Amino acid sequence: MNNQSAVQSNIEFKHHTLSNGLEFVAECNPDAVSTGLAFFVRTGARDESAELSGVSHFLEHMCFKGTPTRSAEDVNRELDEMGSQSNAFTSQEQTVYFCSVLPEHQLAALNLLSDIMRPTLRQSDFDTEKQVILEEIAKYDDQPPYGGHDAALLKHFNSHPLGNSVLGTTESVSALTQPQMLEYFHRQYSANNLILAMAGNIDFDRIIEQLEAECSDWINHDVRRDTNRYSTTPNTADITNIQKDSAHQQYIIQIADGPSATDMDRSAGQLMSTIFGDDNNSRLFWDLIDTGKAEYAVLESQEYQGSGIFMGYLCCPPENQQSLLQRYCQLTADLHENGVTQQELDTAQAKVCSHIVLRGERPANRMFNIGSNWIQRGIYETTRAATDRIEAVTRHDIQKVLDKYPLSPATTVATGPKTAQH
Amino acid sequence: MPASSIDTYQFDNGLTLLVEQMPWLESAAVTFLVPAGCQRDPATQPGLAKLTAEMLQRGCGDLQSRELEQAMDQLGLARSTAVTNYHIRLSAAMPATRLPAALTIYANLLQRPLLPATQIDDGRMVCIQELLAMQDDLSQKLMEELRIRQYPDPYSRSAHGTLETLQEISIDDVQQFYTQNFTPHETIISIAGNVDSKQISQTVNELFGNWTGHETTPINTTPPPGGHHHMEQESSQTQIGIVFPSVPYSHPDYFQSRGAIGVLSDGMSSRLFSEVREKRGLCYTVFAMCHTLREQGCVLTYAGTTTDRAQETLDVLLSELIRLGDGILPAELDRLKAKIKSGLIMQQESSNSRASSIAADWHLLGKVRTTDELSRILDGLSCDSINHYLANNRPTNFRVVTLGQNSLDTSGAITTGNTSANSGVL
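Listed in order, the protein sequences are those of chains A and B. Using the working numbering, read the first sequence as starting at 1045 and increasing by one per residue. Using the working numbering, read the second sequence as starting at 2 and increasing by one per residue.
Derived by calculation from the structure, the hints in this document are not laboratory data. All values derive from a computational prediction rather than experimental measurement. Don't take every hint at face value.
[What the hints assert, rightly or not] The calculated DSSO-like cross-link candidates involving lysine-lysine, where the alpha carbons are at most 30 Å apart (straight line), are: (1) A:K1199 x A:K1448; (2) B:K338 x B:K280; (3) B:K280 x B:K142; (4) A:K1174 x A:K1448; (5) A:K1462 x B:K199; (6) B:K142 x A:K1337; (7) B:K142 x A:K1174; (8) B:K368 x B:K199; (9) A:K1199 x A:K1444; (10) A:K1199 x A:K1337; (11) B:K280 x A:K1174; (12) B:K368 x B:K338.
Produce the entire structure from the sequences given, and follow the hints as far as they go.
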C-alpha cells in the first residue's frame, strides 16, 4: 500500500496584517483541489446587551442582503455562479462567513465575501429578514431540547454575557430596530476585529493585493470584550424544569465549569470528556446507551475566551429521568474518585488523533481550524502539532483537570413532560 | 490530482467489491451494503432489521461487545451503522494503513456475529429509545409520512418499527433474520482512498471469499394509500411536505429531472430559496430533492413555517412546483452546473464520500459512474433538453402532508391530470 504520496511537505503557513489591523492567515497547499476562505468576526451573543439580544445572528443574515454595489439577488447569484459551497454561522463569540470554491474562483470569492462584510442594512430587507429569524426561532422551539440549551447556559453563567442566547427571543428580535443594528455593526465589524482565514490552494500574493485594494479603507476602532472568567457557584440541588407536555422524551442538560480556550488544560479536558462521555465506547455509552437506559448521554467540552464549560446532554423516557440523573451523578463521582485508566486514555488518544487527521484532509475543515485557532488563541497549529498535543496528555493531567474543574456541582435544566428533582 | 479509476471485482459467492484509488489522500474509507434493510422485515415484525443491526455490533468472532468497540477505536475508525429501506449499511473512515485490520474486524462482524442472547433486552431498549426520540423529531415524522403516501409498501417503510413489535422480537427472530438476509449475494463492499486496488481485493477475497448465504428473494409490494394527509400536533411551526412522482436514478431522463429540481432548490439563488424565504420571509428551511429507489423515484418538497403563515407557504410552494413545468432559464442551469461540478471535484477530497457514492451507484445502476463520467453527463445537459423533459413531465399528482395545529386548504394541489390525489380541505 502506498501512503508515501500523501505528505504535508508542501504545506506552508503565511500571515499578513493590513495597516488597519485586518489580519490574514493562510495554510497554503498547492496540491489541494479547492480553496476555503472565511471571515471570522470576533462578535457574537456575548457582545450583546439585553436589548440587543439576537442582533449578531440577525446581522449575519443581513450581510447576505446586499451592499452598496450588490443586491441580495446579486450576492446569492454570484455565490452560486462560482459553484461555491457557502454559508455562515453565529456563536457566543464569533460570526463566521465561509465559502469553499475551486481555486480559479478564489479572487472572485474574496471580492464577494469582503464586500458583504460592509452590508447596506436596508430597512425593507431588515423587515423581511426579521420574519426569517422569527421562523428560525419557532423552528428551534419545536425541536428538542425545546429551549433547554439556552436556559441552561443562562442559568449557569448567571448574569455573565456568555449566558446570552445566540438566536435571541421572539420578543427581543421583534423589538430590534435597523438603527440599533447599524450602530452595533459599526462598533463590532471594526477592521481589527475580523480575520480572513484561508486554506487549500491559495494565490497568496494576489489575495494580499486584492485585500489591500478592497479592505484597507475599513475603519478601525477600539473594540473591547471583557474576557474575565465568570463567577458562579452551581447548585446541583436546584434543578430548573421546563414543562413540555407534548414531548415524548425527557431532555436534561448539565453544565459544570471547564478549561477556557487558552487554558493549558484544554487537551486533557477534551480527552476526559471523550473517555467519560463520547457518543461511542465511553463510560456513559456503556452504562446508559448500550443498556438502553438513555437515548443519548454525552459530555462535551466547550471553550470560550476566558471561560469554559463541560456540558452533559441526556435524553431518556420521562419515567427514567430520576434514576438516570442519579446514575449520572454516581458516574461522575466515580470518575473523580478513581480517575481514568491508561487503557481508556490510550484509546481516547487514538480516537481523537485519527479524527483530527481525517478532518484535516479537507481544506474546508482546515480553514475553520486555522481561523478558530487564530481568533481564539492567536496561534497556528499544524495537524501534526494537534495530534502531538493530544498524545502528550497523561493520566496525571486528566486528574489535574478533574481536580480543578469537577463535574459536580453542576447546573441542571430538564425539559419534557416530567419534573426532575435532585 | 490525477483522474481516479474504479475497479470492480465480482466474487463467485455473489459479492461485489468496488475500489477507487485516491493516492493523494492519507485516509481510506469502506462502506458495506448488506441487503438486509427494513423492507425485509416480516409484516408482523417491523423493527426486526433495526434490532438485528443493533445486535450485530455486540461482539463478533472472539471479541465480546466491549472488546469490539475497543479494537475499532484503537484503529481510529470513524464509523457508523444505519438501517435503510434496502440495506444494513456499515461504514468507516480511517488512516489508510489500518484498512486491512479494519476489514478483518468487519469480516467477523458480518459473517460471525455473536448476537448474544443475554443482550437482547438491552438491544431492544436501544431501539425503543430511538423510536421514542423520533416522535419528537417533527420534520423527520413528516418526511416518513410523505414516503408512505408515495411508494408501495415495503419500499415506503422506515426502520424504527413499533413499540409493540419491538417488545415481542426474540433473539431467535434476530438469528433467523440474520441467517436469511446476511448473504454475499447482492452485498456491496466499496473502498476508496489511498489503497492499492489489487492488493486490497486479495485481502477482501481472503476475508469474504468463503462467505456463503441464500440468494435474495423477490419482494411483494402493495400500493400506497395516496391522498393528502394531516397530522395534528401542538407546535409553533407547521411542517409542510409535498411529494410527486418522478424518474429514478436508473432512468435515462434522471439528470433532466435532477437539473430541473436543482434549479428549484440547489443554492441560495434557487427558486424556492428566493421566492419562499428571501422575498417573502415565510420560512427558515425550504427545499426540494430527488429521491430514488431502484425502479421508482419522486420529488420530496419541504418547508417549516409558523401556523398563521402555513397556508401562504403551501400556496407559494405549489405555485413554484407548477411554474417549474413552464421551463427553466439558461442562467439558472449555468449556476447549477457550476455548483454540481465544483461539488464533484471536491468529492475527491473525501474517501468517505467516494466510498459511499460508488456503493450507491452500484446498488441503483449495477455499474459505477466515475466523476469524469458524471462531469460529461452534466456537460450534456442543456436548457432545451431539460425544458423538453419538463414539457412532457410537468410536476403533477401532488400529495400534501402537513403536521401542525391546523389542516390546510390543498385545493392549490389540483393540476391537470391530477386525478389520484384527494383535494379540498384536509
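Hints, verified against the model:
1. A:K1199 x A:K1448: Between A:K1199 and A:K1448 the Cα gap is close to 21 Å, so the pair holds against 30 Å.
2. B:K338 x B:K280: It holds: about 24 Å lies between the C-alpha atoms, which stays within 30 Å.
3. B:K280 x B:K142: The hint holds at about 28 Å.
4. A:K1174 x A:K1448: violated (43 Å)
5. A:K1462 x B:K199: Answer violated: A:K1462 to B:K199 is near 58 Å, above 30 Å.
6. B:K142 x A:K1337: Holds, at roughly 23 Å.
7. B:K142 x A:K1174: Status holds; Cα separation ~28 Å.
8. B:K368 x B:K199: Within the cut-off at roughly 19 Å; holds.
9. A:K1199 x A:K1444: Status holds; Cα separation ~26 Å.
10. A:K1199 x A:K1337: holds (27 Å)
11. B:K280 x A:K1174: Status holds; Cα separation ~12 Å.
12. B:K368 x B:K338: holds (23 Å)
Of the hints listed earlier, those the structure fails to meet are numbers 4 and 5, in rising order.
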